[in-house]
Amino acid sequence: MAQFNLYPGVPSNLLSTALNISPGCLTALNATLSCDQDLFSMAGNADGFFWSDDNATALCTGACQSSAASWWNSCADACANDQLNAYGRIYPAQTIPGRFVDGLNIVCVTANTDLTLNVGINGTITNSTFLDNSTTVSATSESLVSRQISSVSQYCLVQSYDWVGSDIIRPDCTDPANFNASQCVDPTDVLPENERLANLYPDDLLCSQCFLNMFYLRIASPYLPDVDHSDYLVDQWFDILDVCNATSKVPDLLVRLLPYYQYAPGESDNWVDNTTYGFSDLQPLGGNGTTNVTCQARSINLADLNPPDIDYTTQTTCDVMAPFLNASTGDIWQMYQNPNCMPDFDYTEIPVVCLPFPCSVTQLNANTTW
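Once you know that position 53 of the sequence shown is 53 in our numbering, the rest is easy, because the numbers rise by one and skip nothing.
The hints are simulated quantities; they were obtained by calculation from the structure and are not laboratory data.
Glycine residues also receive a C-beta, built at the ideal position from the N, C-alpha and C atoms.
Be careful, since some hints might not be right.
[Stated by the list, open to error] Simulated restraints on C-beta separations:
no., residue 1, residue 2, range
1, 63, 299, 50 to 60 Å
2, 172, 45, 32 to 42 Å
3, 315, 232, 20 to 30 Å
4, 174, 199, 15 to 25 Å
5, 70, 320, 49 to 59 Å
6, 187, 337, 14 to 24 Å
7, 265, 179, 52 to 62 Å
8, 313, 160, 26 to 36 Å
9, 190, 57, 32 to 42 Å
Please model the entire structure based on the sequences and the hints provided.
Listed below in structure tokens is the structure:
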């Protein structure tokens, strides 16, 4: 019989002390599940592996899914007051089974899955919504037809490897006639209709039950990345429901704040030391602020920065800011808390930020390994 343990073969008393969690929480975390050890471990990072039908079938047994749901529920109770220090952050201990169950939901979802029965995702506790049949003009017929279609009953993640859409619709910026087009001047300036998912996927895929189920699980996940495109995906979800006029049962999607994990004591967003850095809590570092936080490397006064001009037809903001600041793009992302290498906060609230000491940087072409 397949069995999974989170911490197999580790003395519980020593591990409880090392993790600084209660014995009851550790017992719940280390419960035995009726799941294949290797495959369930992979589910903890489901998108990091290529899944086959055989893999999914071996993992997604009724016994495994039932024991995983029980594990998640028991840990939510036993670990309600326990936290873990990992990767420089403080996490609720129940997020460990939460991430495994989240991955299990993704691997095991089929066109026939009742999403209201899945545990560990936001949106399944509310009332279910049934969307009535409605119609839209078909490109192949003068009559009005429904865009909702049925999908075959197979694992949607495996099926998704063959899904093909189109890239965001862009003008040909090498054509002189488009040199002044807004999207050629600023590649991020994309017209809403050119990034609308309903325009980027064919109808039979967009409105398939597998596509809808997968999309829902992604955006209902409590571990949805806290980045700008998450809001975009939520907007697209409601647009797709409207376009497809889905007749299947679709759980309501809860609008909620994404979790914020505090920095662990002695951790900063760039390296480990014994100083707490103000930016992690969105506090000012000097300037107009009143805080005793100090920077152990470079203090960057945002008002004094004068970066060179950016040619958006050939460069990104990160291409320019990294050599300008003599810092890696990763450090700049962390400094600004923004993957575009530009601050998206009020300078008067955070006038000074902290950056590691200067280093030599090299720009690598796309798909280059170093």
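Right, here's what the structure says about each hint:
no.: 1; hint: 63 x 299: 50 to 60 Å; result: holds (57 Å)
no.: 2; hint: 172 x 45: 32 to 42 Å; result: holds (39 Å)
no.: 3; hint: 315 x 232: 20 to 30 Å; result: holds (23 Å)
no.: 4; hint: 174 x 199: 15 to 25 Å; result: holds (23 Å)
no.: 5; hint: 70 x 320: 49 to 59 Å; result: holds (52 Å)
no.: 6; hint: 187 x 337: 14 to 24 Å; result: holds (22 Å)
no.: 7; hint: 265 x 179: 52 to 62 Å; result: holds (53 Å)
no.: 8; hint: 313 x 160: 26 to 36 Å; result: holds (33 Å)
no.: 9; hint: 190 x 57: 32 to 42 Å; result: holds (40 Å)
Of the numbered hints stated above, none is contradicted by the structure.
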